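**Student:** Sequence:
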Amino acid sequence: MIQTEQTGFTFIEIMGVFAIIMVLAGIAMVGLRPQDQFKKGRDAERFSDTATVAEAIKLYLVDHGGAHIPAVAGMSADTIAMIGTDTAECDLQNVWCDSPVAEPNACVDVSGLVASGYLAEVPVSPEGKTVWTSGKTGYTLEKVSGGVITVRACESEITDEIFLSR
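In this text, residue positions in the sequence shown follow the numbering used here: the first is 2, and each later residue adds one.
Fair warning: there could be bad hints in the mix.
Below, a list of computed lysine-lysine pairs in the DSS-like style, where the Cα atoms sit at most 30 Å apart [unchecked claim]:
1) 130 / 41
2) 40 / 130
3) 41 / 59
4) 40 / 59
Derived DEER-like restraints, expressed as beta-carbon distance ranges [unchecked claim]:
5) 75 / 37: 35 to 45 Å
6) 63 / 105: 39 to 49 Å
7) 159 / 65: 54 to 64 Å
Note that these hints are calculated values from the structure, not bench results.
Computed from a predicted structure; not experimentally measured.
Quick reminder that beta carbons are idealized off the backbone N, C-alpha and C, glycines included.
Let the hints inform the model, and build the full structure from the sequences given.
**Tutor:** Dropping the structure here:
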């Protein structure tokens with residue numbers, strides 16, 4: 002009688018390899034701490050958004066001989082205002098802001114930068130501890146009397162504060 006050898010893996014061997022892979026994946030997940038990775042990702046998006054808005058304001062200034070868009074030109078100096086389309090109650094979410102909005106009517110609508118082609122859209126902060134909308138974007142703008150503009154993200158999850166001054 003002729004015997005043939007069969008090659009392959011038994012079910013038990015395959016299950017053993019699968020179990021080892023699952024244990025290693027579990028160790029990797031604990032080591033990478035996925036929640037922290039999500040927080041870092043949202044903070045990176047916030048930093049990118051602040052840089053985009055600050056750069057758009059700077060380019061508008063350069064192209065218009067140092068003149069701001071009307072919404073920014075009308076801001077009081079040294080006042081932190083919420084960027085968004087709302088015109089009132091812009092301080093309602095101060096509990097989430099690292100640098101709080103100065104007063105209820107401290108709102109600034111920078112959609113003029115979109116209309117002028119300097120921004121593709123007004124960014125809205127990614128959802129972290131609260132939900133932001135186009136009315137209250139989760140970003141603030143401060144115009145200092147010396148002409149410096151500071152764009153801030155209200156929330157920061159890993160970093161102390163996210164801001165960019167120009």
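**Student:** What are the numbers of the hints that this structure violates, sorted from low to high?
**Tutor:** 6 and 7
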